[in-house]
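Participant: In the order they appear, the protein sequences are chains A and B.
Sequence positions in the first sequence follow the numbering used here and run 391 to 734.
Sequence positions in the second sequence follow the numbering used here and run 2 to 241.
Note that these hints are calculated values from the structure, not bench results.
All values derive from a computational prediction rather than experimental measurement.
Heads up, the beta-carbon is just placed ideally off N, CA and C, and yes, glycines get one too.
Be aware that a few hints might be false.
[Unchecked claim] Some chain B residues judged to face chain A by a derived CB distance under 10 Å, without partners named:
#1 ASP34
#2 PRO42
#3 GLY137
#4 LYS200
[Stated by the list, open to error] Quick look at which bits of chain A chain B covers, simulated, 3 or more residues with Cβ under 8 Å:
#5 407 to 416
#6 452 to 462
The primary structure of each chain is shown beneath.
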Amino acid sequence: MTPGLKVLVAGLHTTVQDLGRNGYQDIGVPVSGALDGFGLRLANALVGNPQATAALEILVSGPVLEIAADSARLALVGTGAGLGIRGENPRVVAAGQSVTAQRGDIVQIAPGRQSACCYLAVEGGIAVPRVLGSASTYVRAALGGLNGRALQRDDVVPLAMAFASERTELRAPATSATPADHPIRVVLGPQQKYFGKEALTILLDAEFRVSKDTDRMGMRLDGPLLRHRRGWDIVSDAIATGSIQVPGSGQPIVLLADHQTTGGYPKIATVISADVPALGRRRPGDPLRFVSVEQEAAEETCREAEREFAKLIAALEPASQYGSLDLGSLYGENLISGVTMGLE
Amino acid sequence: MKVRFLSAGDRALVVEFGDRVDRGLSERVLGLDAIIRSNPPAGIVETVPTFRSLTVYYDPLLTSRGELQRAIAPLLDLGDNPRPGATLWHVPVCYEGEFAPDLAEVARLTGLAPDDVVALHSGTRFHVYMLGFLPGFPYMGDLPPQLALPRRADPRLRVPAGSISIATSLTAIYPYESPGGWHLIGATPIRMFDPQRSKPALFAPGDAVKFQRVDAAAFASIRRAVETRRYEVECAPIAQ
């Protein structure tokens, strides 16, 4: 039988993602891929996969999965997230380390309340066919992933490996976490000239909040409206991930992984690529501030973020079986329920 | 208008030729795209031609905006370049009944008879300016001026796949069911996008399209052939 993860509970929106589908935006195919690319890459590194391997992206509420393979090495990455394993050797494991579960074990993912998304990587990866070079799910056109859609109850997510390899578990060293509310850096433009000084001042001075009307395509921002100076209906051009487009209503929308490739609204600014993962982690209701940086500085920040990430990967260390888990905080947030997990 | 280089963050350089829907402008965008594709500077991830601009996506770990701009600027002076491989497509369309929910309203708004709307639409050879909005969704123009209408005041939540639509100076085909604000004057049974094909999108920017009127019976029979992959859309290479 094909090894897999049987879906007992699907979670709010759990999809297969990798680092996206590059090279097809000219024919209207969005890039898709992980909202938090660093999160996906770290999860893969923890289980020994190439960083771009397909994994599960979990949004807001987590799935419950049964291991339908001899064994499977898993790693969850997401601030404040944790996973519980029910079976012969019940455990609760914090995000940021690998753990091996056995056939029949029930794995419950608790994404926590600090990040909108978390990533579950499995050693060997998820064995779905690549569509246009990527395993990423794009639901609107039913491309990639498991049948082009989010996971549903009773799905079996196919795994590439039938059992976990013999090696020590890894964990990421504790990092000085960036404060969750640090300002998101933007490069102004490409259509900032469609806005007056007032709108630009508001963009950079005001506090916005992530609207509940947010999905993998875009994040709407509640807060002051950004008024156009030169009309809001432009002849369509391409949209980069992180673009802040402002439709006629004046309510800004930050475009995320599944955004349309082109659009007809002016884009006042673009979130720098180093901050796109942090943006993807913001939850509905979270505050959001922007700060403007020069384009060259944004490129240098991207390179610096990559160097920092490489250091993090080089510093992965052996994990003890139970790791250093703050059980109290997980229970305190009701993330891991002793009742459902059978950990009493 | 002078060509402008704009930044869309730290991974995209926009080469902007203008801000209108215009054939000459489109030719310049597509011409630059063809040159870059034939010999891409290092670090380019992909390029996206649109009505007004060519957006060049790049990897800042491999190159920079400055370096790319220096590589691209001299290409702008190369003048008109023949583009390889453009195709003229003949697309069967049923302009009747349930397939054309807005035809009567378009006729009323334009002051034309429904048959004249169909004759104008199917009598025009369209240029594929760009693909966007959805996989394989072509923006085509220009409509005869008599058919120019603003978008619908109340966009539909569900436009059926295959719908032929018009708005402003443009016409389009919806490859998938989706929300949409254009006027629906017909439908085609052909498959606009199929990731299993070696060329997933049927049309490419720079292609030409003509619509051929078919009745409901022909629509049904073409649809059956499309479903069993026994239908080839009629097409011919365009001489440059």
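Participant: Run every hint past the structure and note whether it holds.
Facilitator: We went through each hint and held it up to the structure:
Against a cut-off of 10 Å between C-beta atoms, the interface hint on ASP34 of chain B holds, since the closest Cβ of chain A lies about 8 Å away. Nearest Cβ of chain A to the Cβ of PRO42 of chain B: about 16 Å, over the 10 Å cut. The hint is violated. A hinted interface residue such as GLY137 of chain B counts as satisfied when its beta carbon comes closer than 10 Å to some beta carbon of chain A; here the least separation is about 6 Å, so the hint holds. Annotation: interface hint on LYS200 of chain B holds; nearest CB of chain A at approximately 9 Å, less than 10 Å.
Chain B is given as covering the segment 407 to 416 of chain A, and this holds because 5 residues of the stretch bring a CB closer than 8 Å to a CB of that chain, at least three being needed. Under a criterion of three residues with beta carbons nearer than 8 Å to beta carbons of chain B, the stated coverage of the segment 452 to 462 of chain A fails, only 0 such residues being counted.
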